[in-house]
Amino acid sequence: MFQGLSEKLQETFKRLRGKGKLTEADVSEAMREVRMALLEADVNYKVVKDFVAKVKERAVGQEVLESLSPGQQVVKIVHEELMALMGGQEAKIEIASKPPTIILLVGLQGAGKTTHAAKLAQMLKKQGKHPLMVACDIYRPAAIKQLQVLGEQIKVPVFAQGDRLPVDIATASLQHAASQGLDVVIMDTAGRLHINEELMGELQAIKDTVHPHEILLVVDAMTGQDAVNVAEAFHNQLGLGGVILTKLDGDTRGGAALSVKAVTGCPIKFAGIGEKIDALEAFHPDRMASRILGMGDVLTLIEKAQQAFDEKKAKEMEQKLRKQEFSLDDFLDQMQQLKKMGPLSSILEMIPGMGKQLKDVQINEKDMSHVEAIIRSMTLDERRKPVLIKDSRKKRIAKGSGTSVQEVGRLLKQFEQMQKMMKQFAGAGGPGKGKKGKKPGFRFPFAR
Amino acid sequence: MAGFFAQLKQGLAKTRQNFVQKVEELLTGHRKIDEELYEELEEALIRSDAGVNTAMALVGRLRKEVKARKLSEAEELRGVLQELMVELLGEEKPTNLAAEGPTIILVVGVNGVGKTTTIGKLANYYRQEGKKVILAAGDTFRAAAIDQLEVWGQRAQTEVIKQREGADPAAVAFDAIQAARSRQADMVIMDTAGRLHNKVNLMEELRKVKRVIEREIPGAPHEVLLVLDATTGQNALQQAKLFQEVAGVTGIVLTKLDGTAKGGVVLGIQGEVKLSVKWIGVGEGMDDLRPFVPRDFAEALFERSEEVET
Ligand SMILES: Nc1nc2c(ncn2[C@@H]2O[C@H](COP(=O)(O)OP(=O)(O)O)[C@@H](O)[C@H]2O)c(=O)[nH]1
Ligand SMILES: [Mg+2]
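Chains A and B are the protein sequences, given in the same order.
According to the numbering used here, the first sequence is numbered sequentially starting from 19.
According to the numbering used here, the second sequence is numbered sequentially starting from 1387.
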């Protein structure tokens, strides 16, 4: 259904090859595609409008770099501007000079506040802090219990006082923290609508009473156009210090990240990437920019590839691919190169034309280390000719790599599928097909 | 950058105030139909999360209608556009009840959309209709999810069948069906853990729950309700498609319409999978559940946020 943005742009710019400067007309046409892509990614329409205007202004009249096509040149500008808008990485909690550090989590219903209270607590605990979680959601059934269960799981104390007024619970929790020598207090609050004056007032009261060092808005990455209204209302009322973007392990493009950043100016500090308590990571604005832009971000790929990839190796790989001599050894080699470039899934998505084929492929980064171990336990012959690997060899490899026979079998099957896919890809002709006549068929994406 | 944010913020505040008003003016004031008007309508649709493609398609059809009906006044447009939306949303379909024995309703969706709350509301609704309802605590994963459903069970005065946290949800479904048989209940509403539709193993688990239900009662589950959060953007399309594939969704519950989000994404969903919206959630209370009325929904898409009423 979606076509990668850069594929679209490449189409748009096919006719313009070799032109020296980007004209107003070229850019306008390209901006139409950019606008569509951003809207499809759920970036707020007003944010898109301003953004597109800004990019356009910058792009018109620019020289097209020799090494790039006009389409790539535009994507480059778009990407740079997106990165600028997303800001740098700021995954830290301000620690108060005088403990305790008070963190207040706020947001809409169902955004993931309670889960993230626990995730933050665990993270801080690992950093040597002594957190306390405070149950200020007195409304949702079993919200207190949920926090208590999580607290037990991660061995972090939970302060609860039933359905006493949240502001009183918050105040009392500070005394408790002081008496127990706890140095971080994380307050979970009830989900509320940004237009609910009474409940927004409740947060205001908590803020005015306990003076949190950090007020974090918890936002579901799947949020649509309304993200700006929500973020703006919470920010205006409370003065946010940062944002936690949750459920990024889904397949949403996550344009809400951009919307929220644009209206609040607050950094997105952390990303929730799973239901488990350790599924919290630093937010990477650069990865997010690529994700929002969609599949086939050729430019980032090229840039990253330039850094991490050895040109010659890429050429060799391209040859092998074309002749379908790609072995497990090459696979291993490539995996190592890829690892330098960021998460595998996002890299694969950047390969033009790959997006669609890979849509159903599940990539688990943790499995990658297993895959590595398995291939390393094979002989060179086996890596070249996986058909050699029958049951007894599978057993040996599994033992050598500390994995199971099933896992070895699965890898072999996947590799076979991958070869098939690549064959198909090579046969059908990738995006480079027929463009220059000289280079028919599949062009390995890392090669220039 | 600060300048940009400030500018944007100002712009947004202004737009929010003015935009709907403007559309209102555009549609009611004496104004000729022009390109700008079409663009504004398209924008209104996009702002409601209908999605670019759906918005363009709808406005495209609107243009055709205008031509065919030889309309020239802007104020006639709103009605036509709403008609088109209602048509897209399809007929209101009543809930499929079992002809004999208990009706089984399975409730699915991603995390935090309002499944458990909706189940509480549904239990209350059907109990008030005089039905004997049993709830199944099928979310055995999230901390205290079972307790949450039990609170709703008390509120709606319905029995909750549960096992321990971490138990097999298919086993809970099985237990609930047995309980419904022995107690001669009219209905079982089954909660499930929230799961992202791209997690293959969790979707397989759901498939298994459904298989157990099918095996126990031919023709069941009679309804598989997908709960969608109105605040969700275009990802709801993926949710609808994948839950449909795995669990055979029969209808949508659109929650959190008491906020400022319009839930326009259900328009887009109709283009992908035909799934009628059956209920809407308009609050956290037991009575905050309403049947979905396409015409009201289409109207609300163009209403000022403070005025969203159902
Ligand atoms: N404002 C509002 N909140 C809702 C609505 N439906 C559910 N919620 C809230 O959304 C949050 C998540 O609901 P829950 O039922 O636990 O979601 P689940 O994870 O899908 O079972 C809770 O705080 C509910 O009170 C609704 O229609 N309007
Ligand atoms: Mg639930």
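Honestly, I wouldn't trust all of these hints.
[What the hints assert, rightly or not] Covered by chain B, per the in silico footprint, the following chain A stretches (three or more residues, Cβ under 8 angstroms):
| hint | segment |
| --- | --- |
| 1 | 124-130 |
| 2 | 398-406 |
[Said to hold, decoys possible] Lysine-lysine pairs mimicking BS3-like chemistry, simulated, CA-CA at most 30 angstroms apart:
| hint | chain 1 | residue 1 | chain 2 | residue 2 |
| --- | --- | --- | --- | --- |
| 3 | A | Lys-412 | A | Lys-438 |
| 4 | B | Lys-1627 | A | Lys-431 |
| 5 | A | Lys-294 | B | Lys-1585 |
| 6 | B | Lys-1517 | A | Lys-438 |
Source of the hints: derived by calculation from the structure; they are not laboratory data.
These numbers were taken from a predicted model, which means no experiment stands behind them.
Glycine included, C-beta positions come from ideal geometry on N, C-alpha and C.
Checked hints:
1. Under a criterion of three residues with beta carbons nearer than 8 angstroms to beta carbons of chain B, the stated coverage of the segment 124-130 of chain A is upheld, 5 such residues being counted.
2. Counting residues of the segment 398-406 of chain A whose CB falls under 8 angstroms from any CB of chain B gives 0; the rule of at least 3 is not met.
3. A hinted pair counts as satisfied when its Cα atoms are at most 30 angstroms apart, and Lys-412 (chain A) with Lys-438 (chain A) qualifies at roughly 22 angstroms.
4. Note on Lys-1627 (chain B) and Lys-431 (chain A): the hinted pairing holds, with a Cα-Cα distance of about 28 angstroms set against a maximum of 30 angstroms.
5. Using a Cα cut-off of 30 angstroms, the hinted pair Lys-294 (chain A) and Lys-1585 (chain B) holds, with the two alpha carbons roughly 14 angstroms apart.
6. Note on Lys-1517 (chain B) and Lys-438 (chain A): the hinted pairing is violated, with a Cα-Cα distance of about 56 angstroms set against a maximum of 30 angstroms.
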